[in-house]
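**Student:** Protein chains in written order, with numbering that gives the first Met the number 0: chain H, 0 to 190; chain D, 0 to 190.
No lab work stands behind these hints, which were simulated from the structure alone. Computed from a predicted model, the values in this text were never measured in an experiment. All C-beta atoms in this analysis are idealised placements derived from N, C-alpha and C, irrespective of residue type, glycine included. Please note that the accuracy of each hint is not assured.
[To be verified] Partial list, computed: chain D residues near chain H (C-beta under 8 Å):
| id | residue |
| --- | --- |
| 1 | His-27 |
| 2 | Leu-76 |
| 3 | Lys-79 |
Number of protein chains: 2
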Amino acid sequence: MKLLEERILKDAEVLPGNVIKVDSFINHQMDTELISKCSEAWYEAFKDAGVTKILTIDGSGIGIACLTALHFKVPVLFAKKSNATSKVTDEFYSTTVVSFTHGHEYNVLAKKKFITKEDRVLIIDDFLANGSAMRALISLVKNAGATVVGCGAAVEKVYQGGGEYIRRLGYRVESLARISSLSDDGKIEFC
Amino acid sequence: MKLLEERILKDAEVLPGNVIKVDSFINHQMDTELISKCSEAWYEAFKDAGVTKILTIDGSGIGIACLTALHFKVPVLFAKKSNATSKVTDEFYSTTVVSFTHGHEYNVLAKKKFITKEDRVLIIDDFLANGSAMRALISLVKNAGATVVGCGAAVEKVYQGGGEYIRRLGYRVESLARISSLSDDGKIEFC
Chain H
0 MKLLEERILK DAEVLPGNVI KVDSFINHQM DTELISKCSE AWYEAFKDAG VTKILTIDGS
60 GIGIACLTAL HFKVPVLFAK KSNATSKVTD EFYSTTVVSF THGHEYNVLA KKKFITKEDR
120 VLIIDDFLAN GSAMRALISL VKNAGATVVG CGAAVEKVYQ GGGEYIRRLG YRVESLARIS
180 SLSDDGKIEF C
Chain D
0 MKLLEERILK DAEVLPGNVI KVDSFINHQM DTELISKCSE AWYEAFKDAG VTKILTIDGS
60 GIGIACLTAL HFKVPVLFAK KSNATSKVTD EFYSTTVVSF THGHEYNVLA KKKFITKEDR
120 VLIIDDFLAN GSAMRALISL VKNAGATVVG CGAAVEKVYQ GGGEYIRRLG YRVESLARIS
180 SLSDDGKIEF C
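So that you can see chain H by itself, here it is in the shape it has in the complex (with noise of 0.2 Å):
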């Protein structure tokens, strides 16, 4: 999307290491007009999937997802994230994540009542870089006999492989702006 990778160019902040800072506009400080443009995107891509629940994660999915959920009409599902074993009891789905960026392990979970067979989900995040938190909603849908309609993700950072793992399995992902390389004098390429 044209938009978003416009304002990441404007905005965005590029970090030793691969890192790219969006927290002006997308996780911390929130332009919600540009994510609502987003959310459109979202809805003309999957709007005849049947999509009945939107999950994301804790965080800063959560608005995003919320956004999107307008225009399908359906409930939010923002799964929790917690270091506590003891929380994961049978009530919930749960998966393990390994975190990219912080080189701990939490778990992910989100209660069986509020996923069924019935329920085709739309996985929405703001970031895909190496995919192990889409991996892990994905999971939470397919212990719960659910289908898995698609993913979508405002900023994919294709070189770290997320993206193309998840579309090896056969999900539809759609990214609004792929990054696919990030150079030490800040300079940000997309797809």
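Use these hints to put chain D onto chain H, whose structure you have.
**Tutor:** Showing chain D alone in chain H's frame:
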């Protein structure tokens, strides 16, 4: 707001220890059409207050804040929670909160560059109970020398006193469902 009160009576669960769970429509699964109605109510209440930014806190507040921001056409800033004091750098306004629900302390952080003295901030969150999170958000705004125009909570547990405390400090608080008591047999009374 009658619609929210009716939904609470229909779908909330009352647990021992004055706990009310609204995770089927507010803070795990989210009914975005209901929350959109909540956001209209806050817009009606604060539309003449010159709001320039909506502040909330990491987690379920983010979605509610984003839907509200669509009406005001302003950015959302969500304060981050962190257990690691190493993250509290000069870049951030920070304050410490003791969680009523979980009993531990955590830091609440907002990047200084995202709140200026000129900002007129509306604080939005899902719950107002003992008020610790909302007081932390007020404190971040005051640290920045900005103005708190008011606070909006979807559900206020009036018997925990947080709302009264904040109103006595002189802030306008608009809670959409004000619970005066929960009984052990699951009865919910509104103010």
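**Student:** Each hint: holds or not?
**Tutor:** Going down the list of hints, with the structure as the test:
Annotation: interface hint on His-27/D holds; nearest CB of chain H at approximately 6 Å, less than 8 Å. A cut of 8 Å between beta carbons decides the hint on Leu-76/D: the least distance to chain H is about 5 Å, and the hint holds. Nearest Cβ of chain H to the Cβ of Lys-79/D: about 7 Å, under the 8 Å cut. The hint holds.
The structure agrees with every numbered hint stated previously.
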